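Student: Produce the entire structure from the sequences given, and follow the hints as far as they go.
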Amino acid sequence: MADEEEDPTFEEDNDDAGGGADGGQGKRKRLFSKELRCMMYGFGDDQNPYTESVDILEDLVIEFITEMTHKAMSIGRQGRVQVEDIVFLIRKDPRKFARVKDLLTMNEELKRARKAFDEANYGS
Amino acid sequence: MANHSVSLWRKTQMGSGMEMSPGPAALTDTAPEDTNGEGNGDPEEAATEDATELKGQEASDLIETGREDSSLLASAAKKMRIETKERKEKKHEVDEDEIQKMQILVSSFSEEQLNRYEMYRRSAFPKAAIKRLIQSITGTSVSQNVVIAMSGISKVFVGEVVEEALDVCEKWGELPPLQPKHMREAVRRLKSRGQIPNSKHKKIIFH
Numbered sequence: 001m002a003d004e005e006e007d008p009t010f011e012e013d014n015d016d017a018g019g020g021a022d023g024g025q026g027k028r029k030r031l032f033s034k035e036l037r038c039m040m041y042g043f044g045d046d047q048n049p050y051t052e053s054v055d056i057l058e059d060l061v062i063e064f065i066t067e068m069t070h071k072a073m074s075i076g077r078q079g080r081v082q083v084e085d086i087v088f089l090i091r092k093d094p095r096k097f098a099r100v101k102d103l104l105t106m107n108e109e110l111k112r113a114r115k116a117f118d119e120a121n122y123g124s
Numbered sequence: 001m002a003n004h005s006v007s008l009w010r011k012t013q014m015g016s017g018m019e020m021s022p023g024p025a026a027l028t029d030t031a032p033e034d035t036n037g038e039g040n041g042d043p044e045e046a047a048t049e050d051a052t053e054l055k056g057q058e059a060s061d062l063i064e065t066g067r068e069d070s071s072l073l074a075s076a077a078k079k080m081r082i083e084t085k086e087r088k089e090k091k092h093e094v095d096e097d098e099i100q101k102m103q104i105l106v107s108s109f110s111e112e113q114l115n116r117y118e119m120y121r122r123s124a125f126p127k128a129a130i131k132r133l134i135q136s137i138t139g140t141s142v143s144q145n146v147v148i149a150m151s152g153i154s155k156v157f158v159g160e161v162v163e164e165a166l167d168v169c170e171k172w173g174e175l176p177p178l179q180p181k182h183m184r185e186a187v188r189r190l191k192s193r194g195q196i197p198n199s200k201h202k203k204i205i206f207h
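Chains as they are written, first to last, in this note's numbering: chain X, 1 to 124; chain C, 1 to 207.
Hints are computed from structural coordinates only; laboratory data are not their basis. All values derive from a computational prediction rather than experimental measurement. Hints may contain errors.
Stated by the list, open to error - Restricting the straight-line Cα-Cα distance to at most 20 Å, the calculated cross-link-like pairs of lysine to any residue (SDA-like) are:
1) X:Lys101 with C:Glu98
2) C:Lys202 with X:Met73
3) X:Lys115 with X:Thr105
Tutor: Structural data, given as structure tokens:
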């Protein structure tokens with residue numbers, strides 16, 4: 001009973017200690033272990049972060065993406081996830097909003113540059 | 001915030017002799033053209049009045065006013081073009097300053113800092129895995145832009161959690177590597193600030 005009230009991240013610790021016992025998200029294969037380690041080092045952690053911390057972060061990221069996806073499905077065009085919905089959900093968070101705007105702008109510029117390059121090649 | 005940092009930068013660059021303000025320089029460059037345009041305004045009106053009366057110099061005067069007319073319009077258009085160019089230059093200026101500052105900063109990094117910076121810039125979530133994850137939740141396919149946006153936001157999210165956890169770690173007087181207790185305390189703090197979305201808690205409005 002007490003387990004249900006606790007944060008799901010607590011179960012993570014018990015999982016690792018139990019070694020293979022099913023505990024919610026502990027059974028799923030680790031999707032982002034390598035990338036998360038590099039990311040944690042880049043953001044200020046040690047060069048070799050603890051595996052348990054990486055696991056906690058991975059669960060957090062998957063939960064974050066899941067929440068955002070569900071919210072995006074419920075606004076705008078129902079049942080679909082579109083960029084405008086994500087931008088709308090993020091509008092209150094200045095960092096994420098600026099980052100999304102930058103990424104999308106850069107992507108557009110790259111696409112235009114690639115297209116111009118291809119056309120130039122095709123012409124010559 | 002960019003303007004503030006630019007002004008700080010200027011103060012620190014007092015004696016360096018760097019070209020810090022192409023903005024005002026551009027203004028002085030275009031000033032003669034501005035006065036040209038404005039100078040034409042007054043004699044132009046006088047010229048039109050004169051042209052209707054004088055006969056001998058009428059032809060040349062008309063030609064003059066014609067030229068001044070079009071040149072007035074041209075100078076007005078030029079002014080607008082110059083203003084937008086200045087605004088773009090100012091934005092470029094801010095970008096240029098930012099880029100210069102970043103270059104100087106990165107050039108003074110130690111090896112360990114360089115490694116960390118490289119990891120910070122290069123690490124990213126694999127697009128295929130993110131796309132698979134989102135599609136498994138929605139059941140339909142998603143566009144590439146959605147995957148790009150979601151990976152970018154997730155990386156910022158990881159950064160926020162790790163930075164908060166490092167704050168917690170330092171506050172508790174411990175050293176990295178980060179332990180799960182730091183991560184959990186960081187998540188608790190971020191949740192109280194509303195930076196972690198949580199739609200599982202059912203809010204009871206009327207009790």
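Student: All the hints need checking, so say for each whether the structure fits it.
Tutor: Structure-based check of all given hints:
1. Only pairs whose Cα atoms come within 20 Å are accepted, and lysine 101 of chain X paired with glutamate 98 of chain C is accepted, the gap being roughly 18 Å.
2. A distance of roughly 19 Å separates the Cα atoms of lysine 202 of chain C and methionine 73 of chain X; the hinted pair therefore holds under the 20 Å criterion.
3. For the hint pairing lysine 115 of chain X with threonine 105 of chain X, the CA-to-CA distance comes to about 15 Å; that is within 20 Å, so the pair holds.
In the structure shown, no violation is registered for any of the earlier numbered hints.
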